[in-house]
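Following the hints, put chain S in place on chain B, whose structure we already have.
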Amino acid sequence: MDYTLQFGQVWPYLPRLLSGAGLALQIAFLSFCGGLLIGTALAAIKAFGPGWARRLINVYVVFFTNTPQLVQIYFLFFALPDAGILLSPYVAVLIGMTLNAGAYLTEIQRAGFESRKQSEMEAAEVLGFSRLQQIRYVILPHVARVLFPPLSNHFIIMTLGTSMAAIFGVEELTGQALNINAQTFRSIEVFSVTALIYVALTLLASVALGLIGKFAFRAKMRLA
Amino acid sequence: MLKKLLLGMAALVGVAAMVAPSGASARTLDEVIKSGTIKVGVNPTFPPLGKFDEKNEIVGFDVDFATEIAKMLGVKLEIVQVGSPDRIPFVTAGKIDFVMGAMTRNPERAKVIDFTVPVHTEVFGVLTTEGKPFKTWKDLDKPEVTLIQVRGSTPVKFIEDNLKNAKVTLLDNYPDAIRALAQGRGDAIIDVVDFLGEHMNKHKVSWKVLDAPVDIYYCSLGVAKNSTGLKDWLNVAIFELHRRGKIDEMWKKWFGIDMLKPTQFTPYF
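For the protein sequence lines, the chains are B and S, in the order given. If you're matching positions, the first sequence starts at 1 in this note's numbering and goes up one per residue. If you're matching positions, the second sequence starts at 1 in this note's numbering and goes up one per residue.
There's no promise every hint is true.
Pairs of lysine to aspartate or glutamate, DMTMM-like flavour, derived with a Cα cap of 25 Å [claimed, not checked]: (1) S:LYS167 / B:ASP2; (2) S:LYS76 / S:ASP30; (3) S:LYS208 / B:GLU189; (4) S:LYS157 / B:GLU107; (5) S:LYS202 / B:ASP82; (6) S:LYS204 / B:ASP82.
Sample of chain B residues facing chain S (criterion: CB under 7 Å; computed from the structure) [unchecked claim]: (7) ALA47; (8) ALA79; (9) GLY169; (10) LEU178; (11) VAL193.
Some chain B residues near chain S, calculated using beta-carbon distances under 8 Å [to be verified]: (12) ASN58; (13) ALA83; (14) GLY84; (15) TYR90; (16) VAL91; (17) ILE167; (18) GLY175; (19) ASN179; (20) ALA182.
I should point out that these hints are in silico values taken from the structure, not numbers from a laboratory. Virtual Cβ for every residue (Gly too), placed ideally from N, Cα, C.
Isolated chain B (complex conformation):
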């Protein structure tokens, strides 16, 4: 192969790649937090709620975990405007990823809720805790510790998943990489630098999550 690597042509664009990386992390973080709220609430309802609510949640979870995330966002971005709802690219991606994360995190947390110890729950009931207090003071601390590793993994997956936002005109890391590639045609250089930034992002995230887990929940985490 007769090709000379010219990384020098990519460096001027590095600030654009890094701002894209920031945006990717922001999207992942916001949609993960949203998904966590949805997941916690729905997992609690699945554990204690009435049958019809559980069935409704099952429909939501099955739908979102069995269709591609890309198709879900396509629906929000291109189908909803025909019904008069026009979401900006950023908002469409954020809502899509949040709803998707909500479904997965419901499933992950359901396992945590199910692993609660009956004796602890009975103790809480004896002490007069309401249902909400039981969830808040007994189940969640327990769940957080058991579930911290799988939740962190899901955050990493979501960080990488933000790359599809480029399709909807959000200029995150992949979007910026595509633009720079179109201008320089230095595909090998542009995409290898981009891949390295993604690696750096996920390493950074897993170290940060590992530290949080270690100190806040005493969860056993393998620091990358």
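Showing chain S alone in chain B's frame:
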């Protein structure tokens, strides 16, 4: 084994003969007529000028136009597939008699090949919707303006250089970009508007093309420098096709809209 080797060598020699500059010069009009076939270069990566259909044959405006030319000359048509980098060498080497595929006339190219009178124009301009206040493309240089463009297309660089204040949403392909515009996600797109016609027609939106374009390209047939008689005959043929409204008809058929800027053909050339 020996037979295989010989065959392989023969094949190699054959390939070398094809690759090596043949030195063959362009054919004259007489030679084209005598051979009974005219060879026309069409680029199948420029729909609707040229594209592959479901039978993997090249079709499009350029093919219809070339068919019409061959009919007028009374010869058979042979379509030769060309790409952007090799289409001018194909003409100079005499592999084809003329080349199509949005051959924009410019002085640089005219040093190497000859051009006929224009066959069609292309408007590099602004497509927006009725009711938007823009008069020229320069009116788009405002922070409240959102342009919808296709990621990786050439106008993106133009906008970066000339319309720094406008916001840009980059989508993946032309159908998506035009739909986004129809849905009201942005105010305008800057591109070669003629090529957007087939996507525009899919939406019930009153489109507006700004009267003041960024640029107009005049596209001709590219002919070799020493193609005695061929260019002169083609000029007359193109004039006739313009006069009979044939070119407009074919344009409407393939582009879905009228040619935005008429070529303003004249009988004097």
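Here is how each hint holds up against the structure:
1. Simply put, LYS167 of chain S and ASP2 of chain B have alpha-carbon atoms about 39 Å apart, too far for the 25 Å limit, and the pair is violated.
2. This hinted pair checks out: LYS76 of chain S and ASP30 of chain S have alpha carbons roughly 14 Å apart, not beyond 25 Å.
3. With a CA separation close to 41 Å, the supplied pair LYS208 of chain S and GLU189 of chain B exceeds the 25 Å bound.
4. In summary, the hint linking LYS157 of chain S to GLU107 of chain B is not supported, as the alpha carbons are separated by about 46 Å, beyond the 25 Å threshold.
5. As the CA atoms of LYS202 of chain S and ASP82 of chain B are separated by approximately 14 Å, the hinted pair is consistent with the 25 Å bound.
6. Restraint check: the Cα-Cα separation between LYS204 of chain S and ASP82 of chain B comes to about 12 Å, which is no more than 25 Å; the hinted pair holds.
7. Evaluation of the ALA47 of chain B hint against chain S yields a violated restraint, the C-beta minimum of about 41 Å exceeding 7 Å.
8. Evaluation of the ALA79 of chain B hint against chain S yields a violated restraint, the C-beta minimum of about 10 Å exceeding 7 Å.
9. A hinted interface residue such as GLY169 of chain B counts as satisfied when its beta carbon comes closer than 7 Å to some beta carbon of chain S; here the least separation is about 4 Å, so the hint holds.
10. At a threshold of 7 Å, the smallest CB-CB gap from LEU178 of chain B to chain S is about 6 Å, leaving the interface hint in force.
11. Taking 7 Å as the C-beta cut-off, the interface hint given for VAL193 of chain B is violated, the closest approach to chain S being about 18 Å.
12. Taking 8 Å as the C-beta cut-off, the interface hint given for ASN58 of chain B is violated, the closest approach to chain S being about 33 Å.
13. Using the Cβ-Cβ criterion of 8 Å, the hint placing ALA83 of chain B at the interface with chain S is not satisfied: the shortest such distance is roughly 11 Å.
14. Violation of the interface hint for GLY84 of chain B is found here, the shortest Cβ-Cβ separation to chain S being roughly 10 Å, above the 8 Å cut-off.
15. This hint is violated: TYR90 of chain B has a C-beta 10 Å from the nearest C-beta of chain S, more than the 8 Å allowed.
16. Nearest Cβ of chain S to the Cβ of VAL91 of chain B: about 12 Å, over the 8 Å cut. The hint is violated.
17. Hint on ILE167 of chain B holds. Least Cβ distance to chain S is approximately 5 Å, under the 8 Å limit.
18. Annotation: interface hint on GLY175 of chain B holds; nearest CB of chain S at approximately 7 Å, less than 8 Å.
19. Interface restraint check: ASN179 of chain B against chain S, minimum CB-CB distance 7 Å, threshold 8 Å, status holds.
20. For ALA182 of chain B, the suggested interface contact is upheld, since its CB lies about 4 Å from the closest CB of chain S, less than 8 Å.
Hint compliance for this structure: hints 1, 3, 4, 7, 8, 11, 12, 13, 14, 15 and 16 are not met, and every other hint is.
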